[in-house]
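Enquirer: From these two lone chains plus the hints, build me the complex, please.
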Amino acid sequence: MAPPAQSQRSPSPSQPSGKGEVSDLKLQLRQHAGSRAPGADDAKRELFKKVISYMTIGIDVSSLFGEMVMCSVTSDIVLKKMCYLYVGNYAKGNPDLALLTINFLQKDCKDEDPMIRGLALRSLCSLRVTNLVEYLVGPLGSGLKDSNSYVRMVAASAVLKLYHISASTCVDADFPAMLKHLMLNDPDTQVVANCLSSLQEIWSSEASTSEEASREREALLSKPVIYYFLNRIKEFSEWAQCLVLELVANYVPSDNSEIFDIMNLLEDRLQHANGAVVLATIKVFLQLTLSMADVHQQVYERIKAPLLTLVSSGSQEQSYAVLSHLHLLVMRAPILFSSDYKHFYCQYNEPSYVKKLKLEMLTAVANESNTYEIVTELCEYAANVDIPIARESIRAVGKIALQQYDVNAIVDRLLQFLEMEKDYVTAETLVLVKDLLRKYPQWSHDCIAVVGNISSKNVQEPKAKAALIWMLGEYSQDMHDAPYVLESLVDNWDDEHSAEVRLHLLTAVLKCFLKRPPETQKALGAALAAGLADFHQDVHDRALFYYRLLQHNVSVAERVVNPPKQAVSVFADTQSSEVKDRIFDEFNSLSVVYQKPSYMFTDKEHRGPFEFSDELGSLSIGADSADNVVPAQRVEANDKDLLLSTSEKEESRGATNNGSAYNAPMYDGTSVPTGASQLQSELAISNTMVPSHSPSTSLAVDDLLGLGVPLSPASPPPPPPPPPPLKLNEKAVLDPSTFQQKWRQLPISLSQDYSMSPQGVAALTRPQAFLRHMQGHSIHCIASGGQAPNFKFFFFAQKAEELSTFLVECIINTSSAKAQIKIKADDQNRSLSLSLSAQLNIGIPQRSQRLFCNKPLASNPLLIKLLQESISRIKTVLDSEDNFTFKSSDFSWDILLTTLKSSSSAKAHLVLEWRLEKMVRDNERDLVPYLELIFLCSKVQNVPFAMQVFNSMEAHGIELTSSVFNALIYTCLSSGNVMTALSLFEIMQSSENCKPNSETYNTFISVYSNLGNDKAMQAWYFAKKGAGFSADLRTYESLISGCVRSRNFDRADRFYEEMMLSGIMPNGQILENILTGLCEQRSISKVEQLLKFMMDGEWEISVLMAEKLMGLYFEHGTVEKMEELLLNLMNLNRSFEVLQQVHCGIIRMHAMLDRLDDMEYSVGRMLKQGMSFRCPDDIEKVVCAYFRREAYDRLDLFLGHIKGSYKLTKSTYDLLVAGYRRAGLSEKLDLVMDGMKLAGFF
Amino acid sequence: MISQFFVLSQRGDNIVFRDYRGEVPKGSAEIFFRKVKFWKEDGEGDAPPVFNVDGVNYFHVKVAGLLFVATTRVNVSPSLVLELLQRIARVIKDYLGILNEDSLRKNFVLVYELLDEVIDFGYVQTTSTEVLKSYVFNEPIVVDAARLPTLGPASIFMQGTKRMPGTAVTKSVVANEPGGRKREEIFVDIIEKISVTFSSSGYILTSEIDGTIQMKSYLTGNPEIRLALNEELSIGRGGRSIYDYNSSTGSGTVILDDCNFHESVHLDSFDIDRTLTLVPPDGEFPVMNYRMTQEFKPPFRINALIEEAGALRAEVILKVRAEFPSSITANTIQVQMPLPPYTTRVSFELEPGAVGNTTDFKEANKRLEWGLKKIVGGSEHTLRAKLTFSQELHGNITREAGPVSMTFTIPMYNASRLQVKYLQISKKSKAYNPYRWVRYVTQSNSYVARL
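Chains as they are written, first to last, in my numbering: chain A, 1 to 1242; chain B, 1 to 451.
Isolated chain B, as found in the complex (with noise of 0.2 Å):
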């Protein structure tokens, strides 16, 4: 049960603000945001999701640069408030198609008639876009989608590859095409984000995989959707240890560790055939999450050397090589790399010939940053430093600097080898056959070379 619902800009402005049962004190949106802003001031990072003044608990998540807040005084269930507030959140990016400030300040009417469905006296309703549709009245007034970011990870298509109709994925579920005709299509994406830990010496350390199939349906008259997965595909390691590299079982199995799925999917077949079934709503889910720990190949290897080179300076060699086939070209890559502390100058040499590499020494938090606009699979490139210290080296300079980490997006590539075998859409009209888009993309979660 929550007392108030709000929207506040990155500078604390409310977008909209409702309250349910006028339990707490005025001032609330003004409270939350001066706590979360002066967190860090505190010594203690950033704030956490959850925090309490004077016996409200404020609740926050940070959604395209928005904070959406909850508040109440009952000890209430945390999971079940973040929940929401991340579900209210994707209910309205269903409805204006684009969820930024600028859509949201355009549509702050719509927001509050689907804000008065999604809860009443501080109890959810529901968050389904497809039951909400019947309680809508206003129209969404689209705002140009080229110019900002988005929200999500479908966002990350728009970028780098033309194949993508851009416009699907920023497509409001009430608004229709231009012509009053709506197009007949479902999206399919798997997502994996993937954390890689490699030792000084180059081997893995720990790696996992957390992916999730996500849905964006646009058909009409809820047909019933069949989604099949590689048959080769086992979930639970049983008793074995989840770390337990030596296992592989057979090279086509994918094992993933555990998984959770949308309350719309059918799984009477799943144990059989790998299919899931499913009436997909409207608006944007997560048909299925999965983990997997299982070994498997990461997409680049990182060589990162820092040498001393005389009493105030040390040399930085930095190596990427892209582990994947040259038809995948991985894009908006970005390698950092802490330094030490009395580092006062960096200059930079970069191989002959590289287009698309920035570097850059970022004075105030000593880090070194090279960018790079893409890689092709099966490539390498090198980036070397030369460093000037303020002081003389004392001890190991390699517990002065690193981990090296880094951040990248490959289209049309998975690590896990999970793959959707078809998409059947059940449907008796042979005319029908509208667009089905399966895409795949892999992205960093936490890439780390160490020292």
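Pulled out of the complex, with its shape left as it was, chain A reads as follows (with noise of 0.2 Å):
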């Protein structure tokens, strides 16, 4: 408590001085100890009053100890307080003497007053003293259990204490247990919100070492626990709610309807004035919709003025903390906030940490629109008296002119600020000049006339000084004075204290003599001269390579130091992608303010409740992370990255497709599916010696760059064969001291690296998924650990039916999306290990990203009037609206409802509600109303309005028929409420006229085969089979698609067969899911065939199919089968997309096996049917093609026959860009540019 520097700070007069006063006090303390007169307790709280303020500022005062103590027998509670505040500071120092207020407080601890049985209990568990816990123990357990909720709510944190100070006492009495119990029953807010907070913590710190912890710790993200928390969220207090709302964020919701449904929710907690709690929800809103692009969009349209508004209201304090989170979303979406730039604007008043935020905003968000007003802007600030904030300024307006094309209008103003003549601004402004002419050398002649009148005087901070001599020796041409300014630099070269001016001046002296020899000749003989007795290395090293160049030879000396520049396209950024993503991923925490992320600046044991364990030896995972690339070559890997980018998309899709496009070339084409499997079985061992990070795509640059590097063995294998089906235990167990046993003796029976897609990565950075994903395959994790961007997790396996287990190592890479699997097993047959990995691969985790909120808005008055209007007035709008309108054809209940359900589902239900009425008032007597309107309900998943509909039909004596039920039961599934639907199928068996009917058993099967759950669906299957009903078509689509849905290939097949025995033809949708599955599971040769029955019995083949089949033919290099398809579907005349689809898959099949001739052909051949190409990629893999060739004229040519019928992307012109630029073809390159600039990409 004592501050030991506290001596240091003279002692005002207010403070005495310790020692004699202290002694004072006990003697005073002990006369007033066991008094019980009159006035005695006043005399007491003076006293103690004193030995508080004392505390407070630091005097140690526990030789009182004993006194205090003493003194505490009273029924004053004010008293009371004061006391235990003391021994609450001073017990740990002194654990025996703690035992004396033992005592006291456990009597307390029984009173008849609850306010001193919780203040009794709280001290008690304060005085962290860890003999003393025996005694905690009994009073914590009625503690919990007290009539009290004050007491409770104490006792719930107390728990928490106990277990800080012995976490044995605290679990082996089984305190955690007993705080669940509360936490899911307790009717007061606080002691549930304690309990939530003291379990999160024990929980996350016992999950390192019981599995039981860190299951309870999962336990606290299922699906009840939060909609029990969520819930209630409206009567916990706003610091509570901040807690659940912390929770949540971490919830992974199973589906998108949930996802919206927790975000309604939520959404009014936006509007509060705490700015945590808005923060929290943001957060919930951010994390929820990360893998639905546009709902993320929408969320960040929303989240928008609720977090200017809490900016600007408040103390400066706690809009600066709502500011960096405003900052982050900026700089991870400057389009979404480009029309908000006046926000950003600084004020005079601010503190500068404010300004830097709002300049780095300002940066970031200017665009062509916005651009002239936030320079104008910056530049008032760059005459600011805050000299900081104004060289902040004058940096800005560089940064935008780096980011922006045109930027005639920004050179100027910075021209302008040399003239300024202050010497920050000139320095500030030296430095962007000569970045900006290394960007844009087109500049030169102005900002040489500028720069040219400056006196090199006038510039002393280095790197001012240094740009100034860059730019002299750059263009000494141009200026005419170059050599002398260099000269004298070089006379005072004693006086230069930083070497990196030194060393700028020695490059400028000898680019200058390469130019002009006969006047430079005299200052590079001194620059040299002193640069070799320079003391510093660098600045003698370079002036001796300097002077042996020259020595050796001078032109070969100009082409090295003084060659043709090229313009630098892209400056490195600072920070990595992958720690921006974790930042982002802690939105709401520390790391936001600090931009690092968390286990930069924390503890290991601080990093709060879900930060996960590394446990099973140390975990050293591999250095080869992004942060340790030296700048210089960021701006190389900047440029890789956009060739690289392409081939990255195409490995993204098939995550098993491991051959990569780019590596055909080393197997003969046709000879692949053989000769590849006799390979991979060779390399299945060394591979593991390659370090996980050797992507075939950086094989596939080196290529492209003709850098001619040897196609090494050590390549990742091709596709496996399909593998055979793997039944794996569910309840799998194996302790982790066996798994390291076993882990060491095993050898690697299979190592591979696979690919993510950028969802599955979005979906790591919580790694809970992606085990609970694993989980869900019968695949255990036993324990993980990394940080960002490498993660590495060991998982385990156990095979249905014997006792054979697998090891799994799981090294996952988010920046790089690549993961790497090594499999070791008890049985050592390799087909078995192939087949785990299959499944393996099935766990990365890849979230489908479909898009729930398509809102036709524009297609509908009605339904923006019905948005727009407040709750109490949807019916009357919906009366005064035309019944013409709901006649019309093109009017669709449907979409009307659930479009409005996303903005409001209260409304939604008006809208019900308002249609059941004016058919009651109509007095409608037809069922077909009724049931559309119960299948309405299902749209908005209102399964009570369903229940009231049914209730006005029975009110209304409409005759109840199956169909009726039938609709009930559809709506109750497809609302995920289950009993309801069994239940309804209850009453329809035991009526009499309501039967259920071959539609009842498919609309269960049908919604079971959605939700993909096959095996509910198939016992359906069984029940209608065994109730006497025949299964038809629709039985039998929902059946094929859920078996494909859930990957059960062989069942869907099954199914496909019986249906074809039972006489029942097969419709487009079953064909296009059998085609499916055998292509997932790559049986070429029944796809051959499905194939042929299709072809004779002339099927549709859809474009999903037509897509499939290319995948399929594509993996195996069988051009050949491409083209018969070809051919047959051309011979049928099959549709331009189909067909479309196939010109391009051979296209591409081409291209990658970088046959130029054939490719052409190919091309030719869709272009003269009057087809282009679907997508960039296909172009851009062409573009490859011809770059690795280095066949620039038929690249040309390829892009003129094109143009007529393709719009390049931006992507394929950076592309373009990167190759030229490659290649050095200066001259496509510039018209590349002017393409671009055509095509209105600048």
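Don't take each hint at face value.
What the hints assert, rightly or not - So the derived label-pair ranges between C-beta atoms look like this:
1. A:L982 <-> B:L267: 35 to 43 Å
2. A:T738 <-> B:S134: 19 to 27 Å
3. B:P341 <-> A:R516: 39 to 47 Å
Calculated directly from the structure, the hints in this document are not laboratory data.
Where a beta carbon is used, it is the ideal one built from N, C-alpha and C, also for glycine.
Expert: Shown next, in the form of structure tokens:
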């Protein structure tokens, strides 16, 4: 408590110096110790106050411990509180004396006043003395069961205190279980909140050693618990709400409708005056919608206004915390904020930490439409009295110039800065002008004219001086007095303290010499001499290097020092993207304010409740993260990325398709299937030696660059043969030590690399989701660890029938989107490992990106009206609406309701209610409108209302039929209300005239099929058969799509056969599913069979089928089959799109194999048929092929050909730019640039 | 979750110090204070409200010249902790009536009582002044209100206007009036901070109003309150750009960009008739915060001119015109203008008959300061200043000086035209008629004119 540095501060007169006063107090306390006289309490109060105030200012009053305890026997609550405070502070240092207090605290714990009980319990557990824990268990146990909520509330956090003193005592007394019970049952929300925070801490810290605790911790994130909290959220205090929201942000909903439900429920939290609540809510919204790009964007739009309001209300400090978060969002998606730039203007009275953030935001949001205004504003700040901010502003102007294409006006502004003749302005501007010239050499003329006027004497800052010298060297032919300025600088060599400046000076003098020898010779000599004598090693070395170079050959020196400069296209970003993502994941935490992820500033044990632990030995994960890259190489890397991106897109499509397209040349295309699998089995072991990040793509780039790197045999193996299905034990168990032992003993039986989809990577930011996913496939996690971007997981799985175990190590690098998997197995049979790996592959999460928020807003004026009206007016609006609208053919209740539901479920409900009321009013007797209404209920998942419709049907004496029940069941099922659906089914069974019919069973089957629950689906199928109904087309359609969805392909095939046998002809949907299944299984022969059947029967081939087929052929590298398919399709005169798909597939194949001739033939054939490319991807493949073969003229021809039919995208242009730049073809580069300009990409 | 909470005086003394978890090493207050104090000397301006030293995160807010600090080792939500610190300050003020170093020192035992219940083992339990009442047993020792500056925007009512009972805003929620009787009253303050930037040619570049409706209730029995705002009030500017000045819809409409509400507020009828319903808890709290960028008439026009007058001389003319009704008076006006760094001497010339004006040239930061005690609506005031330089001018003098900034307070005036139409207290008894105070005030936030 007492700061050690206390004595360094001169004591103020009001503060006692210590010793004397303390012993004085001791005496007085003794006098009052046993006194019960009237007024004694008042005297004690004064004394206690003095003690506490000494304690506060840091004087050690622990020597009074005994006296304080003696005085503590009192009924005066104020005295008690002071005494508790004192005891809590000093007990730890006086464990023996602390025993004295136990007695009276324990007694107080049984006081009849709940306040005293609570206070005593709190103090008792705050003593932090290990050998007293035995006295805590009893009072704590009864405290948790106390009838008063205040005591329970205190007890709930006291459990955590006990845990921190002695974890084992706490766990052994079974307190966590009691807390859990309280959490889920206590009526008082603060008790619940304290239980939650205590449990989170306890379980997180236990999780590293106890399986059970980690399961419990996971269970906090289960649906029932989350919903329990969410449904009560408004009863919680604002602080407890933050706690709940933090928990919800980690929850992974099962589907999108759940996401929207949660967001609707929490939306009003965005209007809360407490910024912490709002930010916690925003975090939930952002995390939930990560995988839904367009909804995610809508969230940004929605949270803008509340954030801005928080920034401008409240104190400067609060507004800073919010502004930091706004800053993060702006940096992530500047475009979304580009019209809000005025909010980021600095106010003169803001502290500089706020101004800095705002300047960065202004820089980020600058685009064509607002640059002028932003730069004008920034120029105002440049004249600011606050010099650091003035500097930042100038830098901001420069950054904007570097990120914009039209820099004309900005350059003028910068040059005006130089005329201001303020030293720091000049210095900053010079540095910027230098950077600008490196990117836009075309501005040299204007800049040089101005820079030439600056006297080097006015520039003192090393950075600025270096910039000026660089310009003098680089543009010495344009600056008349460059040699002389340099000469005078060399003359003052000894006064130049910065090595950076001296290095620049050496280089500049040499450059100048090579351009204007006679004038510079003298300066060069002096510079080299001074450089050779320089004490700084780099300067010395560079001078020596230049000297030898000149000695060797002047023209070589010219080539080395003065080659034509290439403009720098992209300056490196200072922060890597995975660091940024990590910060984003830690939204609403200090990471955002510090702008670094938590692992950079927190110790391991304090990293928050959901940081996962790393166990199982030392997990040294490859130090190959991008952080280690030297900045200079970043620029290179950036250019590479431009190319890489296209091939990576390819990879992410088929996760197992590791034989990346670019590798194909190493095999003879036709013999790939056999040759490759042989090769693979040989490579299986040696492959593990290869570092995980030798992705084929890097080879591809090297290849593209024409570096001619021999293709090493170590590149990843081609796709595995179709693995046999493997049944795993769902409840497998294995203890960590056995795992470790086995892992050491067993050889690696399989090692594979995977690429992950971007969504998969996004999902991995919270490993729980991944782990749960794996668990879903009966693969259990035993340990995990690592920090972004590298994660490491250990899994195990057991075969269902026998006790054969598989051990899996999975290393995932989220930045490169690669996963490496090593499998070790008891059973050394490789095929088993392969099938396991296929299952693992399923496990790498690839969240689907279905879009739920399709709002066809503009099309429906009524809808717009309803969305705008307040809830109370909904029915009035509907009443006033012309009947005609509802009868018009393009009016759909369905769309109206689903859209309305997504913004307000109350409104949707009102619309339904209105319809029912209307029907009742019109005395509707027909069954159909009612049925329709029930189906509408299913669209908005409003089961209660469907029941209401049902009731009013009964009330109106409308005859109930099976179809009414079917509709109800459908509504229940699609709202996830299985119980009601089942009881409805029972009612049907027991009723007279509403027996379940074939349609009833179909409903169940189709809903379970959609849910991907193939077991339940099949159960209903058998039930249907058992009830004497035969399966019809709809049944089979649901069955097959359900099986395919849950990847149970065998079953799907069997159902298909069964259907064919029973003489039912399939429909397009079924065929599509079957084909998809076959393609997934890679059974090419069966695919051929099916295809033949379809061709014979002239079945329609859908675009999706074509895509799957092309994917399959592509993997197998069978161009012939593609051609065959094309021929067949052309004969049958299939749809345009399908043909296009096939054409592009063929072209892609050829492009991958670098067969330019074939490729060009195919392109020509396609164009002749009046079709063109579908997506930039295909074109980019072709372009890459040309680049690899360095066939630039042919590339030109190709581009010319497609010009008429296809408009190139920006990414293609970027690819061309990068390619030509690599090849050093500046003329072509210029042409492409012109093309881009024409296309409007600048 | 926080580890420690403490309050430091301006000199760095601990006034209260509470360690909740014992995880942060001793001496944290000392480390913190040194860091904050010497931050500026590292050339980085003020210390940010949150920083990290050796793995310990320090949060602080400045209230009434005191530093309210929290420490933690965990990566917590900064908003939560800063919000909490502010709230603790408010709760303390509710109890002490006045928050300053003196009152805090006198009442530190009471503050410990509060802190005990506000936070338990680092987790926030409650910050409700009302709930805390049942846990607090110390009587506040009241300090003399008149001498000391108080906390919060409401304190401005203390100055200048005699209509307001001065004690009201500094009354503790637990203390009784002399005579043991509690006075039934409720205060509703509409406080607006306005930011305007004028370009050199006098037109408005940006403008914003940040407003708050603050409430402080001393009513017994927690009656329900209805607060009616302008019916012509719309919220959210739809798809339109927020700085779209050409789209003023009708003259009567007040368009807020956005607003948020205290959790006690029910918005059931807000959409229909713009009334807020709430049962006000004890103590001071914001009922509603709002933000407006709709065009409004700025209360002051500033005209600033700087001209060279010879090689080493220049002249500055500052004109301030009050554009509000003459029934309203602004007070404590301060106009500031940075002058060129080589300015050595300034002589001022006020209008004949000017009273209550002060003029000053701050040598250290080369700044001109002009103070006016009050400005009556509709009047205009001018200041001329002759500058003498130590070196010859080069370049454009307007780039060397300015911008002109202004601070002021205008009681009974609000720029947004947002109004509380009525304040209804639901209580059955006829005799019950508590005092209701609805007060408006406008303050400058960033009021700047460029040269």
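Enquirer: Is it true that A:T738 and B:S134 lie within 19 to 27 Å of each other by Cβ?
Expert: violated, 56 Å
Enquirer: Could you see if the CB distance from A:L982 to B:L267 stays within 35 to 43 Å?
Expert: Roughly 40 Å apart at Cβ, these two residues keep to the hinted range, so it holds.
Enquirer: Verify the CB-CB distance for B:P341 and A:R516 against the hinted window 39 to 47 Å.
Expert: holds, 40 Å
The structure fails hint 2 only (numbered hints given earlier).
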